[in-house]
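Trainee: Chain by chain, the residues:
2 protein chains.
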Amino acid sequence: MDKILIFGHKNPDTDSICSSIIMENLVKKFNVNAKAVRLGNINKETEYVLKYLKIEAPELIEKVEEGQNVILVDHNESAQSVDGRDEAKVLAVVDHHRIADFKTIEPLYYLAKPYGCTATILFEQYKQNGIEIDKTIGTLMLSAIISDTLLLKSPTCTEKDKEAVKELENITGLKSSEYGLEMLKAGTDLSTYSSTEVINLDAKEFTADTKKFVVAQVNTADIDDVFSRREELEFAMEKEISDKKLNLFVFVITDIINTNSKIIALGSDKSIVEKAFNKKLDEFDSMMLEGVVSRKKQIAPQLLEVAK
Amino acid sequence: MDKILIFGHKNPDTDSICSSIIMENLVKKFNVNAKAVRLGNINKETEYVLKYLKIEAPELIEKVEEGQNVILVDHNESAQSVDGRDEAKVLAVVDHHRIADFKTIEPLYYLAKPYGCTATILFEQYKQNGIEIDKTIGTLMLSAIISDTLLLKSPTCTEKDKEAVKELENITGLKSSEYGLEMLKAGTDLSTYSSTEVINLDAKEFTADTKKFVVAQVNTADIDDVFSRREELEFAMEKEISDKKLNLFVFVITDIINTNSKIIALGSDKSIVEKAFNKKLDEFDSMMLEGVVSRKKQIAPQLLEVAK
Chain B
1 MDKILIFGHK NPDTDSICSS IIMENLVKKF NVNAKAVRLG NINKETEYVL KYLKIEAPEL
61 IEKVEEGQNV ILVDHNESAQ SVDGRDEAKV LAVVDHHRIA DFKTIEPLYY LAKPYGCTAT
121 ILFEQYKQNG IEIDKTIGTL MLSAIISDTL LLKSPTCTEK DKEAVKELEN ITGLKSSEYG
181 LEMLKAGTDL STYSSTEVIN LDAKEFTADT KKFVVAQVNT ADIDDVFSRR EELEFAMEKE
241 ISDKKLNLFV FVITDIINTN SKIIALGSDK SIVEKAFNKK LDEFDSMMLE GVVSRKKQIA
301 PQLLEVAK
Chain Y
1 MDKILIFGHK NPDTDSICSS IIMENLVKKF NVNAKAVRLG NINKETEYVL KYLKIEAPEL
61 IEKVEEGQNV ILVDHNESAQ SVDGRDEAKV LAVVDHHRIA DFKTIEPLYY LAKPYGCTAT
121 ILFEQYKQNG IEIDKTIGTL MLSAIISDTL LLKSPTCTEK DKEAVKELEN ITGLKSSEYG
181 LEMLKAGTDL STYSSTEVIN LDAKEFTADT KKFVVAQVNT ADIDDVFSRR EELEFAMEKE
241 ISDKKLNLFV FVITDIINTN SKIIALGSDK SIVEKAFNKK LDEFDSMMLE GVVSRKKQIA
301 PQLLEVAK
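Here the protein sequences come in this chain order: B and Y. For the first sequence, position 252 (counting from the first letter as 1) is numbered 252 according to our numbering, and the numbering increases by one without interruption. For the second sequence, position 286 (counting from the first letter as 1) is numbered 286 according to our numbering, and the numbering increases by one without interruption.
Errors might be hidden in some of the hints.
The list treats identical chains as interchangeable, and a pair is accepted whether it falls inside one copy or across any two copies.
Unchecked claim - Simulated pairs of lysine-lysine, DSS-like, Cα-Cα distance not exceeding 30 Å:
hint : residue 1 : residue 2
1    : 279       : 103
2    : 212       : 28
3    : 185       : 103
4    : 245       : 135
5    : 297       : 28
6    : 270       : 239
7    : 166       : 239
8    : 212       : 127
9    : 162       : 308
10   : 212       : 103
11   : 308       : 54
12   : 162       : 245
13   : 153       : 280
14   : 279       : 160
15   : 308       : 29
16   : 279       : 3
17   : 166       : 63
18   : 212       : 135
19   : 275       : 89
20   : 166       : 127
21   : 103       : 153
22   : 239       : 44
23   : 279       : 89
What the hints contain is simulated information worked out from the structure, not anything from laboratory work.
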């Protein structure tokens, strides 16, 4: 069989990249010929992890050919996946998101758990199968969990994520409060990115009925610092709305220190945001969401509920 | 939390009923308040199993209320599930079918493996969690696997199903070649069923684009015996096509001894069948399919491929 390609979602975050590599390592233990690849640029947070471990980023791919065998990690929705996915053969999925816009012709392996991070599910798979977690794999797991749960502070964080972090700290000898904070901070440096890059660093597309929208998120230690670029960011958002025929673009600026978010919403259906959070957008098309840090749990379901 | 309802697909087969009970037993070990129910009548094969074990059939339900917490086993597609499912909250799925027409708003547990039987996946879950499989649970598992794999002869049967059967024979003290054959034979007695009942005993609905079709299957030790009822069966099929606005109804008569099937196809799109199997329907709207016994592997994907 040709090499199976393993990848996370477009605009890969640390979980998507790390879990692809962790999954490659796992399936190779079962003599499966597979290779981790990625669907987009490495962000600065992930770059910090890879540099720390002195390992290369997976190869970038643009699309897959018809019939290509693939394994998805950290996503399942078609819009977030590789171009050509619907004509590929999905052998397996490991994910921690809702299931939507996903279908196959044949049975497959599908493992989803409502945890804070894909890497936590893979951590359990290693343990269940009696496979040793070495320092490199352990650091990849720890990094992904810290990233997805914002140092265990996100409401998406479960007891299973916390248990994994505890054990992974022992395996790696790392303290998540030190290593993790450095990693998260590395990810907040947006200074070298253009506005278009900023709004695409971690953007996810959703569809509900006929409505198509994007929720993009950046982490920061200073919301005002990012918000000072509002005018150019809005210009870039308007361009995305027009290019991709979106009904709504929501840009979420998340303060990882104080665990709040400020959002900017544009598009013909920006009233969805007001209904979803029962709050008016101000004159800058923005609103503050206290205690909100999780797109998956505190933003996307609320928008989908109103939009459907 | 209100009691979680666990159920298999409509027109429940032995795997759907047994896996619901097995799953109830499993989640109760984790102090989850759940109850197996069923979405239709118990067939004669399953009746044989329940009588053998002297256990009651799960309670019959017609629909679920909005917001009801549910766990699905042995299916995921909406058309095969309980009425009201789209407004219920799916907490978990354990299944061995393709994924289609399934979506959630929130993350969930989803465990699918491309095995011959749901009960084999549950068998592995018991073992991984160190939960004892007693004689009753073991017999339910064994019965489900024998049923779904036609005594390990179906092409859907995997090494994992075979390994499970071997271990379950030890646990239960049953020989699958004896107990299993009796069980399968009990399921082939169609004499007391009306034609409408026969074509609905194990009927599954599929949709591909705008096309809607049903593939129903019965097991027999004598194809001619079932086929002798062709005229009344076709009458019942025509009625289903008209009532449910189907494009196609395929009735599969499977010889469990010689592992062949004869199919009868009716509906405006019966040419799909001819294209799928590259063979003409004869003057009785029927064709023989040598070596074909599995709807899931040898019939449904082929029809879906042509219909899509």
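Trainee: Each hint needs a verdict: does it hold in this structure or not?
Mentor: Against the structure, the hints:
no., hint, in the structure
1, 279 - 103, "between (36 Å within a copy, 28 Å between copies)"
2, 212 - 28, "neither (38 Å within a copy, 41 Å between copies)"
3, 185 - 103, "neither (38 Å within a copy, 35 Å between copies)"
4, 245 - 135, "neither (45 Å within a copy, 59 Å between copies)"
5, 297 - 28, "between (33 Å within a copy, 27 Å between copies)"
6, 270 - 239, "within (16 Å within a copy, 48 Å between copies)"
7, 166 - 239, "neither (44 Å within a copy, 62 Å between copies)"
8, 212 - 127, "neither (40 Å within a copy, 44 Å between copies)"
9, 162 - 308, "neither (34 Å within a copy, 44 Å between copies)"
10, 212 - 103, "both (19 Å within a copy, 16 Å between copies)"
11, 308 - 54, "neither (45 Å within a copy, 47 Å between copies)"
12, 162 - 245, "neither (40 Å within a copy, 52 Å between copies)"
13, 153 - 280, "within (27 Å within a copy, 63 Å between copies)"
14, 279 - 160, "neither (34 Å within a copy, 54 Å between copies)"
15, 308 - 29, "neither (43 Å within a copy, 37 Å between copies)"
16, 279 - 3, "neither (50 Å within a copy, 35 Å between copies)"
17, 166 - 63, "neither (38 Å within a copy, 44 Å between copies)"
18, 212 - 135, "neither (41 Å within a copy, 52 Å between copies)"
19, 275 - 89, "between (39 Å within a copy, 22 Å between copies)"
20, 166 - 127, "both (14 Å within a copy, 25 Å between copies)"
21, 103 - 153, "between (33 Å within a copy, 28 Å between copies)"
22, 239 - 44, "within (24 Å within a copy, 63 Å between copies)"
23, 279 - 89, "between (44 Å within a copy, 27 Å between copies)"
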